[in-house]
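Protein chains: 2
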Amino acid sequence: MLDSLFRPKSVAVIGASTKDLSIGNRIVKNLIDFGFKGSIYPISLKADEILGVQAYKSILDVPGDVDVVHMVIRSKFVPQAIDDCGEKGVKFVILNGGGFAEVGPEGAAIQEDCLSRAKTHGIRILGPNCQGIINTDPDVRAYCNFTFTKPDPGSISIVALSGGVAEAIHQAFAEMGIGTRMYASNGNACDVTIPEILRYYGDDQGTRVIVLYVEGLRDPETFLKVAREVAAKKPILAMKAGRTEEGAKAAASHTGGLAKEDLATDLIFEKTGILSFTDEEELCQAAVAFSSQPIPKGNRVGMITNTGGPAVIATDVLINAGLIIPPLSEKAKAVLREKLFPEASVGNPIDVLATAGAEQFRAAIDIVMEEDQIDSVYLNFVTPFFVDAESIAREIVEVNKERRKPIICNLMTDKRQWVGTVETLKQGGVPYYSFPSTAAKVLTALTKYSEIRVRDIGQVRRFDDVDREKAEYVLRKVKEAGRELLSATDVYGILDAYGIPAADWRIAADAAEAVEAAAEIDFPVVVKADAETIVHKSDVAGVVVDLWDSDSVQAVVEEMEERLEVKDLKFLIQKYLSGGKEVIIGAKAEEGLGHLVMFGIGGIYVEIMKDVIFKLTPVTKVEAQEMISSLRAAPLLEGVRGEKGIHQEGIIELIQRVSQLVSDWPTIQELDLNPIIAYKDKVFVVDARISVSNSYSGER
Amino acid sequence: MLDSLFRPKSVAVIGASTKDLSIGNRIVKNLIDFGFKGSIYPISLKADEILGVQAYKSILDVPGDVDVVHMVIRSKFVPQAIDDCGEKGVKFVILNGGGFAEVGPEGAAIQEDCLSRAKTHGIRILGPNCQGIINTDPDVRAYCNFTFTKPDPGSISIVALSGGVAEAIHQAFAEMGIGTRMYASNGNACDVTIPEILRYYGDDQGTRVIVLYVEGLRDPETFLKVAREVAAKKPILAMKAGRTEEGAKAAASHTGGLAKEDLATDLIFEKTGILSFTDEEELCQAAVAFSSQPIPKGNRVGMITNTGGPAVIATDVLINAGLIIPPLSEKAKAVLREKLFPEASVGNPIDVLATAGAEQFRAAIDIVMEEDQIDSVYLNFVTPFFVDAESIAREIVEVNKERRKPIICNLMTDKRQWVGTVETLKQGGVPYYSFPSTAAKVLTALTKYSEIRVRDIGQVRRFDDVDREKAEYVLRKVKEAGRELLSATDVYGILDAYGIPAADWRIAADAAEAVEAAAEIDFPVVVKADAETIVHKSDVAGVVVDLWDSDSVQAVVEEMEERLEVKDLKFLIQKYLSGGKEVIIGAKAEEGLGHLVMFGIGGIYVEIMKDVIFKLTPVTKVEAQEMISSLRAAPLLEGVRGEKGIHQEGIIELIQRVSQLVSDWPTIQELDLNPIIAYKDKVFVVDARISVSNSYSGER
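If you're matching them up, the sequences are chains D and F in order. 28 is the number of the first residue of the first sequence in our numbering; add one for each residue after it. 28 is the number of the first residue of the second sequence in our numbering; add one for each residue after it.
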């Protein structure tokens, strides 16, 4: 539990200083200035008193208990100081200074040393190389941080590894006049992690919205678990940066090459219900609304405006984002015709006219609140000098108090002149923005979250007809042989074990067996050379398709035997399927996260159009359906231009079986079912590759 | 010329009032408060004096000349007042009030009356139903407007029909502390148009940047012409709203259905070199940088940062937008190693560290300014309390004065505390923003403009081998017959006249002629039923392909003759082409703009993937090349997966010939060459449709 970190009763500063522009001085000053409710203990060898607070020579001299200790001393002195803290019974150490893992191996060793000593003492570390925390709770007022933005109390909590970005976000809220609840930036994060802080914010009653910034996930498995729990309780608005770095690190394999570096993070966000942003400013603007407004029940907006153009812009943004602006009921229109000015427009948007006063605005808002087919309210509010804008603002605030539907306001005014109007909205908790697009994007974010929140991806289906032992036998054999790429026999054996339908096949050692196999399978058949050393069969002309008689099969096999100088050469004889549509299912292991599963349509759709969808395992039926329906080329699978559609249920089941297969066997690094031939009523894998990791250590 | 409107020497207000919250009072007050350098003449039947200024009973009583007259009287009194103004020799009338075309036919009649009287008197009208103009030129100080935002002098000029949006933009600049030059909102725009105002801003020495907001273009032809001239002189940053309205107004035809409502405006922006935005806030943020910074020579950014995370975010944004962050030269690195702190990172980004002072920042900026491979400077500037941020700001300003390369600054600070730093940057004309993404987007806009500016779309090629007389003969015949859809003979005749290659074809009246034609063309052939009444041949089974002998041709023709009960039934016998790739070229008339020309790849690429590119006529070779290379599926045309590429030069020429054809004959409403079979070395149209307007009145 991080209670003692975020709600400390006492804070000591080892390395406290009388020097004005030093961090050791600033932390003491920040605690004092912010009105910290607990005890402050500056620790200094030189000074008896710092900023009027009694100082001590050693942490051991401090009279009372100490919850949190800041260390603002050189890294090499930190391990000893941690031992002192251990003796004192300190609960948390915040290592503000640098000189640890971020500077190289020597620093990393010190960091390691600190961590192991802290563990011995039961001390938790925040940092090193970090800003620290802030808690604005009036009962706490902890500013354990050397930065300079002094927030008002609020309900947004911020967490980030990067102090720079966290601070920029923090400043943005301060400038918007929006308070924050808690703040944490944990730098090198050698001990206290982002998921721990997330969970703490999740449990904190005072936190309504969590803002998260990450550049990468250290422990995606834990993050996934915690984020899912927390996001179920309150909105997490997140941004991931570092999206273009190492974008060229494309893996050699098909699936790997298509999976972008940051895809896994996006998928975790999606799977856990985190609302993802790519722009910090938009994130901050949205967070303000999340902190004060209820979540809309749906995507239907009522728009009220007292000026034309901005309504056009807002409509564009909302409609483009998939929101709708439904017509008003006849009853509502009748009421508005009575209460608004004669020239007012009583559609949706409702144009109350620039001359509208508080009474007209109120009538329009009341109507929109009452209309069943409307979930949220978008207000364009320009302040002509000839109306009493402040009284309009008061009416908006009055309705906003009821928290029936979210209200987002585009306030177009000169904030230096219309001070009372601005202040009324701010105090009344009505989020207001300076541009129609901005306000509309915020409403879009609220609405998107409402969709994420209700989205039910369903349960994971476990197929109990699978033959785990058979799969295990194959994989153990592969491991024992020290191989990474599975032979055709292995691959089709595993597919068979997991109920994944493949075109009928046999393995033949020579031409005679091949002819026999072909007869069993029935013509036409395809002959594929199969040997461990052949990775890409088509590169060595090891595939011949559409063979219609025994003579052809015999000739092909004999020719390959002669030409391909490969030991252990065998032949895969397989039913040759034609017609149907080619689709691809792939999977790729993702450290700490299970696997990414991919679906796409064969040929140019994957290779040229990059039209593929990924999901994280385990993939549910709902997710598998989404994988199909989210493709740009999805209509092709439903049958267009006279072509038949494909057996979507079959593909959905196949995706789920692949998900179960790779989940059961984490040793599987990559799996490519490419192509799968999908007909109207059935699907067959006709080519497949599986590679495993040699460091495989058993089933999960 | 609009000089008397934007630089009036005297302004009268008909309908001036002593009533505080009236528009007739406010305009007089605004003129006074803003320090108008000319004479102010309130015209009022009731008052002798308004706000201390002598009032007159009639405009005819005013002693001096009057350049501009505001009319703040009911619309029905306006026509007479315009006559009075005519007698007085007034140059411009600003009609602030409503009650004109926007309220219906009666108002429209009044507007028409006003306009015709004004024309008689040589008076120009701004509005009606408009805000008016502002000019901050210290020699003028004209606030001929009833709004409330009082701008400082600056170099950004704003023009918009919508007063609401113009005002929101105006307020944004004011809030950012950025001055503006001129402002105009012309409401119903019955006389003075957006293009006229654009041209005036283009000629105005004090205007460096033009901000334009439109919801639609009244006279796209003039707009195109003027925008091209003005954009060549100075940046025009524009936004078009109303993008989703009537999106369902999809035309019945293929090309028409794909062309979105607002596509033409986007294409005009592209063709004229206007920088297009979809978000007002981003537009305003960019305008600030355009007003003070030079345009970068290229897309290579030097990034300087004193904090890590924000550099990651900025890198993401810049790289995603196609900018590059090139390595520094060895020489530069050596200098930086000497001048920066030892732990600083001397790559690009240059991390000068949070402890960097003015000296370190200056060293980094100087290096980036000198590096030949860098075109612009992105600064992340956080203000730790332990550095002298103001002196850093002074160094930035110092370098900025030289205007060698644009500098964009992400300033992360508490603006309420770091007042001096903020003020230094502002006074020094360094554009600063509160978020890394925001600053990076602004730099992206500057860079994009630099690319637009140097983009040479080349000259229009006129093919002189075309047979205009033949085309004219066909079109005249069609017109005389009152037809809108051309027969196959007509269509192929026109294609032939314009040197557009089609698969060899003949028209046959009966089976005997068909057999003869097929023999001439050589098998295989396709037989298509051809008659005026058959719009979609395939709907009536009027197309049979791949016929290899005379008997088949005869049988097919006889079967169709019997089955299709159509008068004037003829048969198009055409060479049957197979293999090759199907592509589509289309054209659609666009009122006042010539035609939209479309290119796409046949089949699902157009219909399902919506992968098509449009350009406005006349299409140059460069534009035709862009049409091919901009397709998502472009690699297909270069040959992938063992397929051959297509004859791109042939397609490029074909697009240009189509462009010339439809430009020569504006009567052509729609043209569809679908499909065109493209081989490696040649291209052939194998099916084509052309429709014309019956209101055709001759060649252009």
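What the hints contain is simulated information worked out from the structure, not anything from laboratory work. Just so you know, not all the hints are guaranteed correct.
Claimed, not checked - Facing chain F, a subset of chain D residues (Cβ under 10 Å, in silico):
{"hint": "1", "residue": "GLU114"}
{"hint": "2", "residue": "PRO132"}
{"hint": "3", "residue": "THR342"}
{"hint": "4", "residue": "SER356"}
{"hint": "5", "residue": "GLU357"}
{"hint": "6", "residue": "ARG443"}
{"hint": "7", "residue": "SER464"}
{"hint": "8", "residue": "THR647"}
As the list claims (entries may be wrong) - Per the computed footprint, the stretches of chain D lying under chain F, defined by three or more beta-carbons under 8 Å from a beta-carbon of chain F, are:
{"hint": "9", "region": "383–396"}
{"hint": "10", "region": "457–463"}
Here the structure is a predicted model, which means the values were calculated and not measured. The C-beta atom is built at its ideal place from N, Cα and C for all residues, glycine as well.
Each hint, compared with the structure:
no., hint, in the structure
1, GLU114, "violated, 32 Å"
2, PRO132, "violated, 15 Å"
3, THR342, "holds, 6 Å"
4, SER356, "violated, 22 Å"
5, GLU357, "violated, 23 Å"
6, ARG443, "holds, 8 Å"
7, SER464, "holds, 5 Å"
8, THR647, "violated, 27 Å"
9, 383–396, "violated (count 0)"
10, 457–463, "holds (count 3)"
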